[in-house]
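Enquirer: One letter stands for each residue in the lines below.
4 protein chains.
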Amino acid sequence: RVIDAVAASDAVRASVAHAASLGIRINVAVVDSGGNLAAFLRMPGAFLHSIDIAIDKAYTAASFGLPTSQWHAALQQHSDAVREGIVRRPRFVGFGGGLPMVENGQRIGGIGVSGGSEEQDEACAQAGLSAIGLKS
Amino acid sequence: RVIDAVAASDAVRASVAHAASLGIRINVAVVDSGGNLAAFLRMPGAFLHSIDIAIDKAYTAASFGLPTSQWHAALQQHSDAVREGIVRRPRFVGFGGGLPMVENGQRIGGIGVSGGSEEQDEACAQAGLSAIGLKS
Amino acid sequence: RVIDAVAASDAVRASVAHAASLGIRINVAVVDSGGNLAAFLRMPGAFLHSIDIAIDKAYTAASFGLPTSQWHAALQQHSDAVREGIVRRPRFVGFGGGLPMVENGQRIGGIGVSGGSEEQDEACAQAGLSAIGLKS
Amino acid sequence: RVIDAVAASDAVRASVAHAASLGIRINVAVVDSGGNLAAFLRMPGAFLHSIDIAIDKAYTAASFGLPTSQWHAALQQHSDAVREGIVRRPRFVGFGGGLPMVENGQRIGGIGVSGGSEEQDEACAQAGLSAIGLKS
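Chains as they are written, first to last, in UniProt numbering: chain A, 14 to 149; chain B, 14 to 149; chain C, 14 to 149; chain D, 14 to 149.
Isolated chain A, as found in the complex (with noise of 0.2 Å):
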């Protein structure tokens, strides 16, 4: 399954409104199964890095199944190679914000925050999630 268009903006638009009710101003990203943007929205005034932050933390999502906020804890039990080898891969980003969208156990996408603090930020990739009826 592919997420519609409606759907995906129906997302970044409540991450948005989240943000606002908290008082920050985020960029919001949201990605189909192969990566490719789906949507994306931009609160004017949002810090410029994180416009790309945002789509490569969908992307990061999307890619592996895993929330972003997880990576740091799942790099605790890898080799010393693989925490530092990661982390710099191009579009990998290792921070909360990111979630993963799956319907029926099945990866669909994924929608990244960038914006805010970790925890901003994932709650409002949540709310993003919560709008259109899917769990992280």
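Just so you know, the hints here were simulated from the structure itself, not pulled from any lab data. Some hints here could point you the wrong way.
As the list claims (entries may be wrong) - Derived list of chain D stretches under chain A, where covered just means 3 residues or more per stretch with a C-beta under 8 Å from a C-beta of chain A:
id, stretch
1, 26-32
2, 111-124
What the hints assert, rightly or not - Cβ-Cβ distance ranges computed for the label pairs, FRET-style:
id, chain 1, residue 1, chain 2, residue 2, range
3, A, 85, B, 19, 30 to 38 Å
4, A, 91, B, 130, 37 to 45 Å
5, B, 90, C, 100, 36 to 44 Å
6, C, 61, B, 102, 44 to 52 Å
7, C, 33, A, 85, 47 to 55 Å
8, D, 17, A, 101, 32 to 40 Å
9, B, 33, C, 88, 23 to 31 Å
10, D, 146, A, 101, 48 to 56 Å
11, A, 148, D, 36, 36 to 44 Å
12, C, 57, B, 19, 52 to 60 Å
Unchecked claim - From the structure, some residues in chain D lie toward chain A, with a derived Cβ separation under 8 Å:
id, residue
13, 77
14, 84
15, 85
16, 99
17, 100
18, 101
19, 131
For each residue, glycine too, the CB sits at the ideal point set by N, CA and C.
Starting from the known structure of chain A, arrange chains B, C and D on it as the hints suggest.
Expert: Structure of chains B, C and D alone, referenced to chain A:
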């Protein structure tokens, strides 16, 4: 003035709704006056190349303040060197589907659509502008 | 549907076998519907440029659902601006050798071959499709 | 000697078969002694980041003639500057899953696998080598 997130989202959704009414599948992007991505929406199955073409049409329209459909005629008044050089610049798109976003005479960004014919793409971009009370 | 690894591998091997029968050396690539590389095979001594040309032919065919050999004629019905602009887009290849992979009317990817003439390349791509029961 | 197309294809297929027996999904790449992609195969659903990681592991192994799993220990004998610098070089991968392809003492390429743990990835790469009569 900077286009706000809800307006940018309304615009890309209106473009997608217009594309659906035409029976085509598009990607649509809005960039702000700084050229940064403000909103994006992809209809599943739209051409893959059109992701970046939509973004670059929006960028080109925001950059020069000219509908991208007018570039071909405009270039006839330039030297061969400009005519052949401009079209090779990264992120320049010289065919229809990108419209500047102008408010009270001030360029505030651009919207770009890719997925149909030039005329269809521009009509979708126009639908996006109209939805938020802007004229092209 | 996503093309499975064995089918993708069978396809590129059949293309290479056909190339060998023609006495040419090719590179051949399969990408999935999201444009991600699914399979690749290179005959030693095939042109170096052809590595990326093969991959981008597959990408272009998957993107638009059109044999890349049909683009030149198709572009005659577009404006000069589109005709000159599309061919300059990153990863666009507008000459023969790329075929879409379609199953039950649904685009599931593309196959691209580079190394011989356009006709030879397309014949090799066709051999790849035939080997896995797809028609172009 | 250059690895021929059938051998390269046999190698990536054997890696995929081994991955299937382990219940994991991988991407696997073979590059020749010139660092050019010779064969690639992706199992649907394998991590997106792993496409390039597999290719770069193969490249790194072909480049230095060392299993990528041995780099971390090898770097301990270098200066801090080298240790910190090498891992930042484009296309360098310093963790397990890449093996050089050596025949009669001559480096003829590399194979790289990404998608499982370092040990699983290296076992899959090893299965690829074994299938074509090479030792790591």
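Enquirer: Decide, hint by hint, whether the structure agrees.
Expert: For each hint, the structure was consulted:
Counting residues of the stretch 26-32 of chain D whose CB lies closer than 8 Å to any CB of chain A gives 0, so the stated coverage by that chain is violated, three being the minimum. With 0 residues bearing a CB less than 8 Å from a CB of chain A, the stretch 111-124 of chain D misses the requirement of three and the coverage assertion fails. Checked against the hint of 30 to 38 Å, the C-beta distance between residue 85 of chain A and residue 19 of chain B comes to roughly 34 Å, which is consistent with it. Between residue 91 of chain A and residue 130 of chain B, the C-beta spacing of about 51 Å breaks the proposed range 37 to 45 Å.
A C-beta distance of roughly 24 Å is found between residue 90 of chain B and residue 100 of chain C, which places it outside the suggested range of 36 to 44 Å. For residue 61 of chain C paired with residue 102 of chain B, a C-beta distance near 27 Å fails the hint of 44 to 52 Å. As the Cβ distance of residue 33 of chain C to residue 85 of chain A is approximately 50 Å, the hint placing it in 47 to 55 Å holds. Take residue 17 of chain D and residue 101 of chain A: their Cβ atoms lie about 34 Å apart, and the range 32 to 40 Å holds.
For residue 33 of chain B and residue 88 of chain C, the Cβ-Cβ distance of about 26 Å falls inside the hinted range of 23 to 31 Å, so the restraint holds. Checked against the given bound of 48 to 56 Å, the beta carbons of residue 146 of chain D and residue 101 of chain A, roughly 35 Å apart, lie outside it. Distance hint check for residue 148 of chain A and residue 36 of chain D: the Cβ-Cβ separation is about 25 Å, which falls outside the suggested range of 36 to 44 Å. Remark: the range hint 52 to 60 Å for residue 57 of chain C to residue 19 of chain B is upheld by a beta-carbon distance near 57 Å.
At its closest, the beta carbon of residue 77 of chain D sits 14 Å from a beta carbon of chain A; the interface hint therefore is violated under the 8 Å criterion. For residue 84 of chain D, the interface hint holds, since its Cβ comes within 8 Å of a Cβ in chain A; the closest pair sits about 7 Å apart. Interface hint status for residue 85 of chain D: upheld, as the beta-carbon distance to the closest one in chain A is roughly 4 Å, under 8 Å. Using the Cβ-Cβ criterion of 8 Å, the hint placing residue 99 of chain D at the interface with chain A is not satisfied: the shortest such distance is roughly 11 Å.
Below 8 Å, beta-carbon pairs count as interface contacts, and residue 100 of chain D has one with chain A at about 6 Å; its hint therefore holds. A least Cβ separation of about 7 Å between residue 101 of chain D and chain A falls short of the 8 Å threshold, and the interface hint therefore holds. Taken as an interface hint, residue 131 of chain D checks out: its beta carbon lies about 6 Å from the nearest beta carbon of chain A, inside 8 Å.
In summary, the numbered hints that this structure violates are 1, 2, 4, 5, 6, 10, 11, 13, 16.
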